[in-house]
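Participant: Sequence lines, in order, name chains A, B and C. FYI, the numbering for the first sequence is 1 to 323, going by this note's numbering. FYI, the numbering for the second sequence is 1 to 142, going by this note's numbering. FYI, the numbering for the third sequence is 1 to 211, going by this note's numbering.
Derived from the structure by calculation, the hints contain no laboratory data. Some hints here could point you the wrong way.
In silico DSS-like pairs for lysine-lysine, Cα to Cα no more than 25 Å straight-line [stated by the list, open to error]:
id	chain 1	residue 1	chain 2	residue 2
1	B	K78	B	K29
2	A	K188	B	K91
3	C	K28	A	K283
Please read all numbers here as calculations on a predicted model, not as lab measurements.
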Amino acid sequence: MALLAHVARGCSRIPKLQLEAALSVRFQSTLSHNDTKARRARELRPRRNYLLNDEVEQHRKSLLQQSPEVEEIPVQQAEANVPRDFRHVMPEFLPDPNPLYRDRVTEKLERMDMYRRRTCIDIPEFYVGSIMAVTMADHHAPGKQSRFVGICIQRSGTGLRADFTLRNVIDGQGVEVRFDMYGASLQKIEVLKLEQRLDDELFYLRDAAQEYSTIPFDFEPVPLPKGATVPVNSTKVKLNPRPWLERWERHELKGVEDLNLPEKKYRRARQVAKPWERWDLMKRQRESINEDEEESIMKETYMETESTRRARGRQKASLKKTR
Amino acid sequence: MNVICRQAVSLTQAARSFSTTSCLHELRKLSRVRVVDNSSIGRAAAVAGKPGRVIHVYNKQEVATLGDKVLLAIKGQKKRAYVVGVKQRQKAGVPRFDTNNVVLIEDNGAPVGTRITVPIPSILRSKEGDFTKILSLATKFV
Amino acid sequence: MLRFRIRTRPRKMASLEGLGSGPEGRLKRLRKHVTALIRHERLETTYAQCDETRGYAEKLITMAVRNGDRDKHTMEMADYWLLEKDLIHKLFKVLVPRYQSLPATATSIHRISTEYPGDGRHMGVLELKGNPWPPVRPQPRNTRLHLHNIQLEEAKKEYHQERLRAKSAAAAVPPEGSSVDGPAGSSVDPDPIDSESESGESKNSGDSSKR
Numbered sequence: 001m002a003l004l005a006h007v008a009r010g011c012s013r014i015p016k017l018q019l020e021a022a023l024s025v026r027f028q029s030t031l032s033h034n035d036t037k038a039r040r041a042r043e044l045r046p047r048r049n050y051l052l053n054d055e056v057e058q059h060r061k062s063l064l065q066q067s068p069e070v071e072e073i074p075v076q077q078a079e080a081n082v083p084r085d086f087r088h089v090m091p092e093f094l095p096d097p098n099p100l101y102r103d104r105v106t107e108k109l110e111r112m113d114m115y116r117r118r119t120c121i122d123i124p125e126f127y128v129g130s131i132m133a134v135t136m137a138d139h140h141a142p143g144k145q146s147r148f149v150g151i152c153i154q155r156s157g158t159g160l161r162a163d164f165t166l167r168n169v170i171d172g173q174g175v176e177v178r179f180d181m182y183g184a185s186l187q188k189i190e191v192l193k194l195e196q197r198l199d200d201e202l203f204y205l206r207d208a209a210q211e212y213s214t215i216p217f218d219f220e221p222v223p224l225p226k227g228a229t230v231p232v233n234s235t236k237v238k239l240n241p242r243p244w245l246e247r248w249e250r251h252e253l254k255g256v257e258d259l260n261l262p263e264k265k266y267r268r269a270r271q272v273a274k275p276w277e278r279w280d281l282m283k284r285q286r287e288s289i290n291e292d293e294e295e296s297i298m299k300e301t302y303m304e305t306e307s308t309r310r311a312r313g314r315q316k317a318s319l320k321k322t323r
Numbered sequence: 001m002n003v004i005c006r007q008a009v010s011l012t013q014a015a016r017s018f019s020t021t022s023c024l025h026e027l028r029k030l031s032r033v034r035v036v037d038n039s040s041i042g043r044a045a046a047v048a049g050k051p052g053r054v055i056h057v058y059n060k061q062e063v064a065t066l067g068d069k070v071l072l073a074i075k076g077q078k079k080r081a082y083v084v085g086v087k088q089r090q091k092a093g094v095p096r097f098d099t100n101n102v103v104l105i106e107d108n109g110a111p112v113g114t115r116i117t118v119p120i121p122s123i124l125r126s127k128e129g130d131f132t133k134i135l136s137l138a139t140k141f142v
Numbered sequence: 001m002l003r004f005r006i007r008t009r010p011r012k013m014a015s016l017e018g019l020g021s022g023p024e025g026r027l028k029r030l031r032k033h034v035t036a037l038i039r040h041e042r043l044e045t046t047y048a049q050c051d052e053t054r055g056y057a058e059k060l061i062t063m064a065v066r067n068g069d070r071d072k073h074t075m076e077m078a079d080y081w082l083l084e085k086d087l088i089h090k091l092f093k094v095l096v097p098r099y100q101s102l103p104a105t106a107t108s109i110h111r112i113s114t115e116y117p118g119d120g121r122h123m124g125v126l127e128l129k130g131n132p133w134p135p136v137r138p139q140p141r142n143t144r145l146h147l148h149n150i151q152l153e154e155a156k157k158e159y160h161q162e163r164l165r166a167k168s169a170a171a172a173v174p175p176e177g178s179s180v181d182g183p184a185g186s187s188v189d190p191d192p193i194d195s196e197s198e199s200g201e202s203k204n205s206g207d208s209s210k211r
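Sequences and hints are given; from them, build the entire structure.
Facilitator: Here it is, written out as structure tokens:
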């Protein structure tokens, strides 16, 4: 009787559980066939170089942090109704989806820098196909600045490295200038004519007649009526005869007239096309930011840029009053 | 004779069967360039459909960039020239042109022409020495 | 959005159509797997194929849950990925309500043992959650009714009852009886009763002084 009681006491609940856990861990680690040093390290320290908002919030509100010095940060309510296609308006705020380059902290810091830059310089809404003018600090120019007018043929890059390319034909010479959108030497960005084209990139203008990309430097701004949607310019460009810089029949171009090529070229284009990529859900997943993250980033961006815009409007109004 | 002809045709076709697109648009030896000043020799070469070829680049990389001096073979002569516009991808704020442009100079560094007909990259204004003579011919900067 | 970690690059998979069918053949093969998974709710192949299939099936279900059957893009995808068209109905009418409020993945994946003798492929099982099949992982065995556990339970009960009885006796019976109980209690379990035995001793001493 005394012995049984002793055993019962020895097997009291908590130590038994601990022992079991310890044993199972030992067994797993010794018996698992794909047990490597790297695997164990991964299990111990999951490869994640960012903090989840929930986790941060939990630690911030934990009992250890309950001191008068910790301020209560008001949670910004989602009062803003983010427009549906806002990510097309400011695509550079979405990070590069390549997992090798993902770093949530850096992205956040970069976005903050971008908002700060936007308080100094007005970066308006523009699209590929819009006619723009950029004034840039130029150390060697007589007025210390130079202005370039052209049609936007490409937008690329993300974060602070976002850029856009303007194209124009000056004295019969095609000229293209790429500008860093958040570059420090940019002084003014004007959108002279806000419109979209049928394609995302207009590199085919290099192979088209010059009048398609000729824009006079004294181009008068064409204002868009308030509340109007951005018009789509459905001009069909007629390309010069081959040779071209690229095999345009292999790109799915919408803003180009019929290319008038021999059937052989189209056949080859069909052979090298990849129509199945449309169905590859995981490819799309890997090459884009997921919807939830996109939504949260876009909401943040919308609220920040809207407040900047409103502040600028107030500033303008006060300037007018003082005049 | 017939056999030889057919061989020749097949050879030319073989030569054409691979892409000859210059993806980097580098200005190397044997690349064609456009003379953009109003020198008679440059104009004559353009009219004849035989633009000058680079036969030497005066730098260690052997790839000419903006402001580099090159040696051209043009109209059966050897002429030095400065590169004033390139097709290659440029840094932000530096223009990229649709053609590779050069301005001919004499052996003593004086330009052959009297006027440059196309815009010149503004960044070249930082150049010193003989290049200032070329800049004085320019009508427009971008 | 997927709730599990995916590989940064897709696996290269041998295709059904032999050499040269490339990524298109890969999709065709995966399409069969996804269809089978939605049909039978459980799939057993190599682990690699299970893992590849999982992403596509999971993505399809997530899209269906989010966008509903009115969305054109979602319907096109369902039409492509489900080879048997009655499964489109199942996807929207059965699986969407099932996973509507599930705050986790809709599928689960298990490694199972490698066949021996065999070609040494690592096998796996991919299944939809809430399927009617018996579970892949064995339930933990209930050992409560094993003989030694019953005995231990009984012993515990007996011991506690004995202690209760002793305590009540000590409370009810006048102090003379308690001098007998004290040493017996300390002999049953020496360590945790130290304080008790001390108190017992103190009681004893108090009693003796009274006496």
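Participant: Hint by hint, say whether it matches the structure.
Facilitator: Evaluation of the provided hints:
no. : hint                : in the structure
1   : K78(B) with K29(B)  : holds (14 Å)
2   : K188(A) with K91(B) : holds (19 Å)
3   : K28(C) with K283(A) : holds (15 Å)
Of the numbered hints stated above, none is contradicted by the structure.
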